[in-house]
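Those protein sequence lines, which keep their order, are chains A and B.
Mapping of the first sequence onto our numbering: position 108 corresponds to residue 108, and the numbering continues sequentially without gaps.
Mapping of the second sequence onto our numbering: position 102 corresponds to residue 102, and the numbering continues sequentially without gaps.
Keep in mind the hints are simulated off the structure, nothing from the lab.
Glycine is no exception: its CB is placed at the ideal position from the N, C-alpha and C atoms.
Each hint should be verified, as a subset may be incorrect.
[Stated by the list, open to error] Over the 12 Å line for every Cβ pair with chain A, so calculated as not near, a few chain B residues:
#1 MET1
#2 ILE48
#3 GLN54
#4 THR240
[Claimed, not checked] Computed Cβ-Cβ distance ranges for the label pairs, DEER-style:
#5 A/ALA245 with B/GLY82: 57 to 63 Å
#6 B/ARG97 with A/GLU138: 48 to 54 Å
#7 A/ALA245 with B/HIS258: 45 to 51 Å
#8 B/PHE87 with A/GLY88: 28 to 34 Å
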Amino acid sequence: MPAPVIELDRLRLAQGGRVVLDNVSLDIGQREFIGVLGANGAGKTTLMRALLGLIEPAHGSIRVLGRAAQRGNPAIGYLPQARGALPGVRLSGWHMVACVLDGHRPGLAWKSKDTRREIDRVLDLAGARELAHRPIAELSGGERQRLMLAQALLGQPELLLLDEPLISLDPRRQRDLIDQVKALQVELGITVLFSAHELNPLLGALDRVLYLGQRHAALGTVQEVITGPVLSRLYGADIEVVRAAGRIFITTGGVEADAGAHQHDD
Amino acid sequence: MRNAYSAAGIVAVVAAMVGYFLVLRGQTFAGHALSHVGFSGAAGAALIGLAPLQGMLIAAMAGGVCIGMLGEKLAQRDVAIGIALSFSLGLGLLFLRFYTSHATQTSTLLFGNVLAVSGETVRVLLYLGLACLAGLGLISRPLLFASLQPELAQARGVSLRLYSSLFMAIAALATVLSTQVVGILLVFSLMVGPPAAAQRLARRVGTGLALSVALALASAWLGIALAYWTDWPVSFWITTLSCATYLGAQAWAAGRRHGHA
Numbered sequence: 001m002p003a004p005v006i007e008l009d010r011l012r013l014a015q016g017g018r019v020v021l022d023n024v025s026l027d028i029g030q031r032e033f034i035g036v037l038g039a040n041g042a043g044k045t046t047l048m049r050a051l052l053g054l055i056e057p058a059h060g061s062i063r064v065l066g067r068a069a070q071r072g073n074p075a076i077g078y079l080p081q082a083r084g085a086l087p088g089v090r091l092s093g094w095h096m097v098a099c100v101l102d103g104h105r106p107g108l109a110w111k112s113k114d115t116r117r118e119i120d121r122v123l124d125l126a127g128a129r130e131l132a133h134r135p136i137a138e139l140s141g142g143e144r145q146r147l148m149l150a151q152a153l154l155g156q157p158e159l160l161l162l163d164e165p166l167i168s169l170d171p172r173r174q175r176d177l178i179d180q181v182k183a184l185q186v187e188l189g190i191t192v193l194f195s196a197h198e199l200n201p202l203l204g205a206l207d208r209v210l211y212l213g214q215r216h217a218a219l220g221t222v223q224e225v226i227t228g229p230v231l232s233r234l235y236g237a238d239i240e241v242v243r244a245a246g247r248i249f250i251t252t253g254g255v256e257a258d259a260g261a262h263q264h265d266d
Numbered sequence: 001m002r003n004a005y006s007a008a009g010i011v012a013v014v015a016a017m018v019g020y021f022l023v024l025r026g027q028t029f030a031g032h033a034l035s036h037v038g039f040s041g042a043a044g045a046a047l048i049g050l051a052p053l054q055g056m057l058i059a060a061m062a063g064g065v066c067i068g069m070l071g072e073k074l075a076q077r078d079v080a081i082g083i084a085l086s087f088s089l090g091l092g093l094l095f096l097r098f099y100t101s102h103a104t105q106t107s108t109l110l111f112g113n114v115l116a117v118s119g120e121t122v123r124v125l126l127y128l129g130l131a132c133l134a135g136l137g138l139i140s141r142p143l144l145f146a147s148l149q150p151e152l153a154q155a156r157g158v159s160l161r162l163y164s165s166l167f168m169a170i171a172a173l174a175t176v177l178s179t180q181v182v183g184i185l186l187v188f189s190l191m192v193g194p195p196a197a198a199q200r201l202a203r204r205v206g207t208g209l210a211l212s213v214a215l216a217l218a219s220a221w222l223g224i225a226l227a228y229w230t231d232w233p234v235s236f237w238i239t240t241l242s243c244a245t246y247l248g249a250q251a252w253a254a255g256r257r258h259g260h261a
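So here's chain B without its partners, still in its complex pose (with noise of 0.2 Å):
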């Protein structure tokens, strides 16, 4: 349990961040992608020899810079991330019937099993998230410039792509390590749910990340506690807080708009 608590935490906290600016830019959806392309590389793994968390990075991190390269036309985006992640979780489909060992694994890699952690687990966490955070944190004050005004960053001499394929290899990480937790299907509940709920309450980027990590660590944590009460999965219950949450916090400011008027 206590491994459980700890990769949950973790994870909250790198997830929470990270997903902060995945909101703040729009590129939940590519942000989604990245863990469908890391499946393939989980499933491809085996057949050359790696972990399959070691090819979910390797993936998903390419995956991360090629959508970073892609520039800034959204439609076009949009369309090449959709057809780029159906594709992958086919391509993840057909090296799991290679190794049919591994079928089992897959309500596992899909859903996420944080209850079968291991401490090993636990404590690549930590490092690949220290990683992450540190990362975002160089290039934070870039990333908030190119995402906030990129015309005027790009007169500034920041290189929009450059830190966009910066961003997204940082989010393509934290967003495996999320699937450690909620699995490839469910990343969204704590990249997505906490910190857009985040930016609906705070009108500070400071206040919105702390309030981001503090919702999501509540939902990981509160889920775990919830599931080994009512044996339901813990994925279930990390999904239905943060999308509590989420719902909540438009309620809050809806409600705070109202009352202004």
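Same shape as in the complex, but just chain A (with noise of 0.2 Å):
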């Protein structure tokens, strides 16, 4: 069986002086969609920079394709939580993506013919080409997200982490990226994280969903997880599932949970 893509073994995340994660152990696979859900404060943003190195574990393990997380993994592409562009940078889209190729690396900031090459393939896979000649100050929140996109796929990463890519994105423009992401997740045969606050939008695209929740971690399908027993465990309330009309209704008491999770303060 090929290695896991990722392995958390007995793993305990804590974020300011607080546990967000506790003995968690699940593994994830190579061409895995994986929708990663939970409310706001439940580890998504924290399991992501982790997986990325920026976080040590308090207890336990985490493995990223086969070695321990490690800070500047070139096969894993990041799309962070939406920010506020620069303000008044006239400078073109380009550099959003070209300033992450080697970015690491000290040295004059001048691009060759091959890097350019590079920067041309992801723009063109993630459909940014025309951004990249727009004054970044001019684009638009989804036209940067695409803009970003691009930006993780450089160097063909092996696995992609996308934090709350559908923030701020009206409807139709979340099914857009989901079916973009997940075109390329089947395209070039890697393992995607997509978190969301909602679960609907991911269903015709996840293959497993990732449920985070009052420290505890859920894996496996819709069918086995998104059920009352595993989410009220999740939600530490009286959670039913209710589904209609193609869709999942998560509910508490009659309150639809998640209803105004997308809405954040910044």
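Join the two chains into one complex using the hints; note that each chain is given alone, in its own frame.
Next comes the structure, spelled out in structure tokens:
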């Protein structure tokens, strides 16, 4: 059986003095599209940062592609949570992608022909070629997102981590992005961890769900994880799962869980 | 006169290139503050038997590293920098009081007098300028990465604090060089005006840097020529030209946008 891409072994993660995940053990394999779900503070971002080697496990271990998680792993493409653009920066979108390639190595910021070819390649993959010519300050959130997706594909990663890429996208663009990422995942044969607040947009794309909450994690198919008992344990509340019109509704006491979850303070 | 043009030329190139990143990173206020911190070093240098330039270098670079270590919290940083800046200026004033022989040089320190620059100073400016550009070139890639994509850079193992401190030290060096031409208070005219104008107009880093240097050289050299012709202060002309190029660039960029609309 091919080696797992991600192995968590009795992992405990702490952030800001608070234990976010405790005693989590699971494997994620090649070519899997994993939807990472959970309420705010459940540990979605923390887990991704730990996979990137930015957070040391408080206990247990994290292995990515057969090696312990370390900073600057070139085999991982990362799309961090959307942030505001740099105000008034009139550099073209090309620079948002180009600066990432070899960006960690000291030296002149000049790009050779080979590196320019690589940048063009990922821009094409992400459908962001035209965006590359426009000033960063004039790009919309969705357009910047596409450039960020291009950047995540540099160097042919084997694992893609997308941290809540659907925030501030309208439903149509959300669908477009999910379709695009799914197509890339299949075409490039890579593993994708796609975190979000709502399950339904991801239903068509994901292979398994990784649901976080109350320091626990549940990994499995939608059938296995999205059930009353499993989710009640993760939310620490009485959860009912209702399936209707091809969608899944997760409710507690008649109030839909995650309903207001995609409103952020930032 | 030749010394004046040489000194102004060297400083314009260095200030324009370092200033480009200062503007890009939104750290122009910090750059401005570094010259003030340098002032206290220049004024206090004589107290410990150093030349003013040496004192200025030490103080400014120490200040630069401190600012670099302050981290990314903009609001607190602005206040901290402002307080340090005014304190430094006050301290410098105190040092000057102990050495009244320096009082006559205060105007030069504050506003610059490039026409009085010596050949020796030009040589020093050249060596320090080359060192400054070499340092900038060495960190340019991670610096650009950290400036445009700080979260990603961190995820890829780039230490934001390290490069911030290194860049601030380089910026400190550049401000010290600039003060030799335009004085402490007018460092903005070469380090911020031309790069800001260039960034309004150019969409690529290479083009932006080249334009930045061209505008700074034009401001500096034309400024000296105009001062020679009108007998008005050089620094006045340089700052006026710098301001004019910035406003011109704004107008041009706005005109282009409306033309396309």
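Verification of the supplied hints:
no.	hint	verdict
1	MET1	35 Å, holds
2	ILE48	35 Å, holds
3	GLN54	28 Å, holds
4	THR240	24 Å, holds
5	A/ALA245 with B/GLY82: 57 to 63 Å	59 Å, holds
6	B/ARG97 with A/GLU138: 48 to 54 Å	53 Å, holds
7	A/ALA245 with B/HIS258: 45 to 51 Å	49 Å, holds
8	B/PHE87 with A/GLY88: 28 to 34 Å	31 Å, holds
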